[in-house]
Amino acid sequence: MSAHQHPHEEQDFLFKYVFSQDHKMISKQFLITGFIMGFIGLSMSTLFRLQLGFPGESFWIIDFLLGSWAENGVMLPDKYLALVTMHGTIMVFFLLTAGLSGTFSNLLIPLQIGARDMASGFLNMLSYWFFFVSSVIMLISLGVEGGAASAGWTIYPPLSALPQAIPGSGLGMTLWLVAMAIFIASSLLGSLNYIVTILNLRTKGMTMTRLPLTIWSFLITAIVGVISFPVLLAAALLLVFDRSFGTSFYLSDIYIGGQVLEHSGGSPILFEHLFWFLGHPEVYIVLLPALGITSEIVSTMSRKPIFGYRAMITSMLAIGFLSAIVWGHHMFVTGMNPFLGAVFTFTTLLIAIPSAVKVFNYITTLWKGNIKFSPAMLFSIGLVSTFISGGLTGLILGDSALDINVHDTYFVVGHFHIVMGLSGIFGMIAGVYHWFPKIFGRMLNNNLGNAHFWITIVSSYGIFFPMHFLGLAGVPRRYYTNSEFPLFENLLDINTLITWFAILAFAGQLIFFFNFVYSALRGPKAPQNPWKGNSLEWTTGVKHMHGNWPGEIPTVHRWPYDYSKLNENGDYVTGEDFIPQIVPLGEGELDGGGH
Amino acid sequence: MIALVAIVAVLLVIATAVQILKIAELRATESGKEIYEISAKQSKAQAFLLMVFLVAYFGFFAWQVWKWGGLMLPVSASEHGVGVDELMNITLWFIIPVFIITHIFLFWFSYKYSFSETRKALFFSHSNKLEMFWTIIPSVALTVLILVGLSNWNKIMTPISSETEHVLLEVCGQQFMWGARYAGKDGKLGRASVEYIEGVNALGIDVSDENSKDDKIVKGEFHLPVGVPVQFVFRSQDVLHSAYMPHFRAQMNCVPGLKTQFNFTPTITTAEMKEKTQNENFEYILLCNKICGAAHYNMQMNIVVESKEDYEKWLAEQKEFGAE
Amino acid sequence: MTTISLDNTKYKAEIRQKTAKPLLWIGLISIVMFFAGLTSALIVSKSNSIWIKLEVPSMFFISTILILFSSLTYQLSMSFTKNNQLKFATITTILTFVLGISFTVTQFYAWQQLYQSGIFWAGEQSNPSGSYFYALTALHLLHLFAGLISLLVVVTKSLLKKYSPTNVLGIQLSLTYWHFLTALWVYLFFFLKFIA
Chain A
279 MSAHQHPHEE QDFLFKYVFS QDHKMISKQF LITGFIMGFI GLSMSTLFRL QLGFPGESFW
339 IIDFLLGSWA ENGVMLPDKY LALVTMHGTI MVFFLLTAGL SGTFSNLLIP LQIGARDMAS
399 GFLNMLSYWF FFVSSVIMLI SLGVEGGAAS AGWTIYPPLS ALPQAIPGSG LGMTLWLVAM
459 AIFIASSLLG SLNYIVTILN LRTKGMTMTR LPLTIWSFLI TAIVGVISFP VLLAAALLLV
519 FDRSFGTSFY LSDIYIGGQV LEHSGGSPIL FEHLFWFLGH PEVYIVLLPA LGITSEIVST
579 MSRKPIFGYR AMITSMLAIG FLSAIVWGHH MFVTGMNPFL GAVFTFTTLL IAIPSAVKVF
639 NYITTLWKGN IKFSPAMLFS IGLVSTFISG GLTGLILGDS ALDINVHDTY FVVGHFHIVM
699 GLSGIFGMIA GVYHWFPKIF GRMLNNNLGN AHFWITIVSS YGIFFPMHFL GLAGVPRRYY
759 TNSEFPLFEN LLDINTLITW FAILAFAGQL IFFFNFVYSA LRGPKAPQNP WKGNSLEWTT
819 GVKHMHGNWP GEIPTVHRWP YDYSKLNENG DYVTGEDFIP QIVPLGEGEL DGGGH
Chain B
110 MIALVAIVAV LLVIATAVQI LKIAELRATE SGKEIYEISA KQSKAQAFLL MVFLVAYFGF
170 FAWQVWKWGG LMLPVSASEH GVGVDELMNI TLWFIIPVFI ITHIFLFWFS YKYSFSETRK
230 ALFFSHSNKL EMFWTIIPSV ALTVLILVGL SNWNKIMTPI SSETEHVLLE VCGQQFMWGA
290 RYAGKDGKLG RASVEYIEGV NALGIDVSDE NSKDDKIVKG EFHLPVGVPV QFVFRSQDVL
350 HSAYMPHFRA QMNCVPGLKT QFNFTPTITT AEMKEKTQNE NFEYILLCNK ICGAAHYNMQ
410 MNIVVESKED YEKWLAEQKE FGAE
Chain C
2 MTTISLDNTK YKAEIRQKTA KPLLWIGLIS IVMFFAGLTS ALIVSKSNSI WIKLEVPSMF
62 FISTILILFS SLTYQLSMSF TKNNQLKFAT ITTILTFVLG ISFTVTQFYA WQQLYQSGIF
122 WAGEQSNPSG SYFYALTALH LLHLFAGLIS LLVVVTKSLL KKYSPTNVLG IQLSLTYWHF
182 LTALWVYLFF FLKFIA
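Chains as they are written, first to last, in this note's numbering: chain A, 279 to 873; chain B, 110 to 433; chain C, 2 to 197.
Each hint should be verified, as a subset may be incorrect.
DSBU-like, lysine-lysine: derived pairs with alpha carbons at most 30 Å apart [as the list claims (entries may be wrong)]:
| # | chain 1 | residue 1 | chain 2 | residue 2 |
| --- | --- | --- | --- | --- |
| 1 | B | 150 | B | 229 |
| 2 | B | 368 | C | 22 |
| 3 | B | 328 | A | 810 |
These stretches of chain B come out as covered by chain A in the derived footprint (C-beta under 8 Å, 3 or more residues) [to be verified]:
| # | segment |
| --- | --- |
| 4 | 149 to 162 |
| 5 | 323 to 335 |
| 6 | 398 to 407 |
| 7 | 415 to 428 |
Quick caveat, the hints were computed from the structure, so don't treat them as lab data. Nothing here was measured: the structure is a model prediction, and the numbers come from that model. Note that CB positions come from ideal geometry on N, CA and C, so glycine has one too.
All chains should be built: construct the whole structure from the sequences, respecting the hints.
If you want it as structure tokens, here you go:
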């Protein structure tokens, strides 16, 4: 038992820091672990970009870092696939799911809804430590015999089931599955807490339609997670059975390593269905919190209510619902029944509509605003740009007839990196810049932040935009090198250009890490409400305390978007351009933007 | 030694940066404000950079199209591919203007409305009319895309009718090469399974099956007659592969334990395509497009499209399976 | 959803009262999705020509009756507790536990029946239909073990007289979970009987 004794009582180190059940500490734990994993994932991609940009060339750093995974400073082809696989796994799950949701759901849910902590501090603590253990196991898998999992982050069998097919499918793949099972448990425990806390522990006056959009996004994300992650667990379990016990859920009619395998009656396509049933909602599990964070930052920094609050909620609900019925668009070329293909094209293109509505609402929020460009605001604008740029190419990929020629090419790689990777990381970074004062009680440096933004957005587009051209020219993904096909000879320069941008992007993140560490330790102390925001988190003390508010939790009287609200005389209602949620409504004043 | 110097250099850079930051903070407090306060001037500077970025982004896009537009795939070499390319054009004609217009609004608004001490923002929280406007317009556009897309998809997925003359060709993927087998005069492929793989019989064809006697196995390249539909049957012997023939706008996964199919009609011979692309080394190609192991990046087979006569001549020279 | 004023130091107990059940319910939803994934996998696998339609082993009928009974006895235990008949409550809880163990035993006998009729879990002579049989029932049993553990906790606390008509949350949570296991078993039983 821990936590909520008398506020002044000292806890021992183990309970206060390591096994903390305080949501703010757990949020920090998710953030740090997420960033460490992210840095590892980023380094992996920079390394394999060296191979792709300068195929076959020897690099000291590859020799130094990769050891037996490289020969004479050139990485080995199957280890290239291991790096690609682990990069994808780490970035999608460990950085952008646990790192993003874990950090901000934990930090903001109790603070923004007016609760002392999550519904179950114990489950919350477990959620983080499962994540930690899962991360450690995933990293250990890099060092085992045969190497790490190498069948792509999508780990389709039979490649992922048979060590004879690629070495990484031995012990490395086993550890991958163990780590992911624990990761799924972590994610589910977190989602349980988020949903129940939001629905049951809101403070007085905090109706559902007075919740900030961040909370709505975390709620919908958690629900989507509860529905979809267990199916990945089922898929992984059946794969474990095939690999370790000799069942035939996914395997049939295989001749490899000089012998016919005993498996019969299984289908790899079944795995694809089960995997993508999670896999597609997963990308929205990454995206929705980022979009929620963007709503918050754009509105606060523009000094305007978010435009179309209810439409934003409806859109997120539509996206959450539709995300569960589009998974087949990853499988158009598997030989599925053409009618199914048509259905999935239809639902996939449908999901573009609520996405478009959100984009238009963000842009309209900017219109006639009074915008301060903090680094968080810059990244949020960047997110809207990447969401548009990446989302639009989804219309090509989601159209089954068009997908035939671009499926599994670099066109897909460009698309998902821009719309999910960049949007996701921009949302996470924006959230860090914006809520750094809440997390660490200090301010990040704005000049370094601005520099970080500009380097990142320029280099990121430099990396991923050219990939569309590679894809349209027919270059497949997960290729160790493009130099084996005369067809791709003229395209090798594009790969080199992309690699230069990747190196620049990596360097840019170092600025951020420096800023982060320096400011967390010695940055200027944060004021109570640095961005003059309306939501409840800015009413808690700069210094963390268990239970968040000394004395009573404030009552809420209005929605969180009363920025620049004027009275009949054309003056600000409170004399300043914002009205926090705890300020009671004036006489005759309507709440919620006049709904 | 170099490593040591590098580490020291990095530490020095960090120490310098820390000092610079401390100085900057002091400077700010001396002039009465905190370093983290964002002034109207600073906002204006970032707003200006946003506009510069907008222009640069569009410029980058245009530059890429100019520099690499000519490196894209040549005109479709299959019948259905023409419709696919048309659909791609229609979609791009929709996507690119949307991309441009939304970005202009995004960055222009950011620039125009950057912070000013004297201006008040407009409390404009919702408009059902606007929401309907930009829900309905995308819906209409998407409906068009869906309809055109699905009509193409149906055409592509329709099997060749049994009366039509066609080539029946099985392509089998394995780590790390392709095997191709023609159905022969009887128009039927002999049964094949991994159980029958032995020695020379690398494709696992059932010797006892009558239909397999006139099947023809080819290596290195396979030929197709122009203007005649070809029905592909795909399978795999070990892991997932994908038969990707980009010039023909064709792709289909090769799955162990399952036969998949795809059909198209080639319309341009290899010789004609050499002319069109001004490249005498041009070859049509089959590549693997589903991660399949270490040499996934080098699993290829050439495809030659030629006149029917040339094709018949070439096919006659290929050995029959039963003739061993 | 109503809100609570959470300003006193006893708030942790209040929160537990309010949130324990919703937390359990959402956990149950995730377990449902897990089995939904597995059952839809079975339906897809079924379309393979190699699939053999299997007969449910006769032991499964007994398993079903046992688990249905166990839900009944556990529900009775709850009623007894609410009526302050704590001794009967303890007895019926122990009875539930015994029935749970019996269910487990019948599961093993059922698997033995399957094995003896040539239906194997894995290996060359196995068929995916058999693999699903074993997999689904084994995974259910695994979840049942968690239920048995919660039963043990309730039995222990019951013997230590920790429950009263106003303090039944612990029993309620375990009971809900137990009913869920019963419902899940009935679903799996009919699914395997008629669809697999």
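**Request:** Could you work out which earlier hints the structure fails to respect and list their numbers in ascending sequence?
**Result:** Those not satisfied are hints 2, 3, 5 and 7.
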